[in-house]
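> In terms of our numbering, the sequence shown opens at residue 78 and continues consecutively.
Among these hints, one or two may not hold up.
Quick list of simulated restraints, FRET-style, between CB atoms [what the hints assert, rightly or not]: (1) Ile156 x Asn374: 45 to 53 Å; (2) His353 x Gly153: 47 to 55 Å; (3) Ala547 x Arg334: 37 to 45 Å; (4) Ile465 x Phe510: 17 to 25 Å; (5) Ile263 x Asp628: 27 to 35 Å.
These aren't lab readings, by the way, just hints derived from the structure by calculation. Every residue, glycine too, gets a C-beta built ideally from N, C-alpha and C.
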Amino acid sequence: MTAVAGVSASVGSLVSSIHSTNTTFLTQSSAFIGSPPNPQPDQPGGGVWARGIGGHLTYGTIATAGNINFGGPVPGNLICNTRTPQDFAGIQIGADVARLNVNGWNLHAGSTVGSMGLNTKDATPAGLNPPASFRDDLQTPFAGAYVAASKGGFLVDAQVRANFFQNEVSDANHGMSGQRFDARGISLIANVAYYQTLGNNWFIEPSAGIVWSRTRVDSVSVPGTIVLGQGGIIPPWVLAVDDIESTLGRLSVRIGRSVALGNVVLWPFASASVFHEFQGGATSNLASNFPAIGIANLPPLSSTVSVASVGTYGQFALGFSAQVVDTGWVSYLRGDYRTGDNIEGWSVNGGLRYQFVPNAGATGPMIAKAPIYKAPAQAFHNWTGFYIGAQLGTDWGSTRWDIVGAGTTNPRFAGFLGGGEIGYNYQVGKWVFGVEGDLNWTNARGARPCPNGFFYNCEISVDWLSTATARVGYAYWDRLLAYVKGGAAIAGDRIQIVCITPSPPGNVVGCPAQSDSTTKAGWTVGGGSEFGLTQNVSVKAEIAYFNLDSDRGNFAGVVTDVRRDGFISTAGLRVRLGD
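Full structure from sequences and hints, please.
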């Protein structure tokens, strides 16, 4: 029962983290895009935004162990009612460009990056012996792209997002202490809404949405307690989690009114939503590995474990949107409460956006139908000059470890990234040529079981990334610059072979961890777009591939060749110096 409870906690924690990553931020792109209420025909637009969230959720679910084999088939199932509290906080940024009033439609496209931090634990009610001890500290960086369109009060949007779940688990009952394993997922999100004005400045907005995701989880080597020589009876296990698929539907209605307070317009609102999970939760397989501790004559132990989904629940919110008149500044703040048979909790979510608005005096909602009239001439945007900038983003990639005499493994890494850049542009007609350099800190990390022994993880941590590139761009619409870039990349990282047994590791040869810190140089190529908010301030979004080739390390006699490559996705602000 202890093994089943431990597996249930780990799988339940991952399911709840996937759910939080997909839903705790507002999933509608229309929540953070914007456009002036009266754009001129075929008018360009764009903006940059950031938002943050924090809160607490508790997930309750039923875990069922079946196909139990303890030296022979065991009839029946074991049922465990699990409870997983979760605290979370995160940040998300994005940038987009738009073509406004195209036959009455406002069309938007942008990219987004961010990261969630989640702390979960097993709080299954008393009755287990020993008591539940599972904890999981996750970082979940993500990167994605979105499109949105509006006409009058009609809104539709879609997103695609890559999610990276970097787990660090501890469970004294199973001999785990800060052990890392990873998962990777893709989310597809679509929403539709209709904003209807009512009398006396009131509005109502019904909406619907769907979030589909699939997450692939690495296998986990669970060391157990026998190897510690402390009288424990839990053998080494291998936990293999099947791909976790989720299809979450949503129906919502939001109602509020506009209130003018000096040069600020507020839209206080209340909303109610119903969410339903159409998939059946997650399944996994648990199998003992007695040969890892030198015992080959004991029969194998195995079981399947299924964890139920979050089911159906309600969400209720109060909040407001705000716009500063005659500027491009808009913001929102909302609080949400969730409740259902398997979920309960709260969150606070707020954001700020700067929207390029060439026409002052706009006091209507930032997404509105446009009248048709002749557009005045746009001022020429000059890209020539030195610039400095700041950026945030996500970096992710993979490594290939060839351990001489043992085999290969492929730890992947991901993390949040931030830093600064400096560069110079020179414009010739519509063409823009430039050079730039950047330096970024990152907390990217990753791990997978090593091929040289059951009790070892192969782990990589990336501390910083820097690039020096040349770029060539073309200035569409004057204010929109599309470009490609290429050049050199350099990174500082640490690769290590880590014992997954906690201290003291006296019964495992080669512990504690063996590590090697390196600085690696390679090459990078990528592209992106930059939109001029003013003559001297622009917002950029880009993605780049980097390759750092391979090198050889020696970990206490374990010779290993490691190859690294990956991607960097960023959004940021640039300031052009001078006139």
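> Tell me if the beta carbons of Ile156 and Asn374 are separated by a distance inside 45 to 53 Å.
violated, 32 Å
> Could you see if the CB distance from Ile263 to Asp628 stays within 27 to 35 Å?
Once the Cβ atoms are compared, 31 Å apart, the range 27 to 35 Å for Asp628 and Ile263 holds.
> Within 17 to 25 Å or not, the Cβ separation of Ile465 and Phe510?
Distance hint for Ile465, Phe510 holds at roughly 18 Å.
> When you take the CB atoms of Ala547 and Arg334, is the distance between them in 37 to 45 Å?
For Ala547 and Arg334 the Cβ distance comes to about 53 Å; the hint is violated.
> Indicate whether the distance between the beta carbons of His353 and Gly153 respects the range 47 to 55 Å.
violated, 31 Å
Going down the numbered hints, you'll see the structure goes against 1, 2 and 3, while the others check out.
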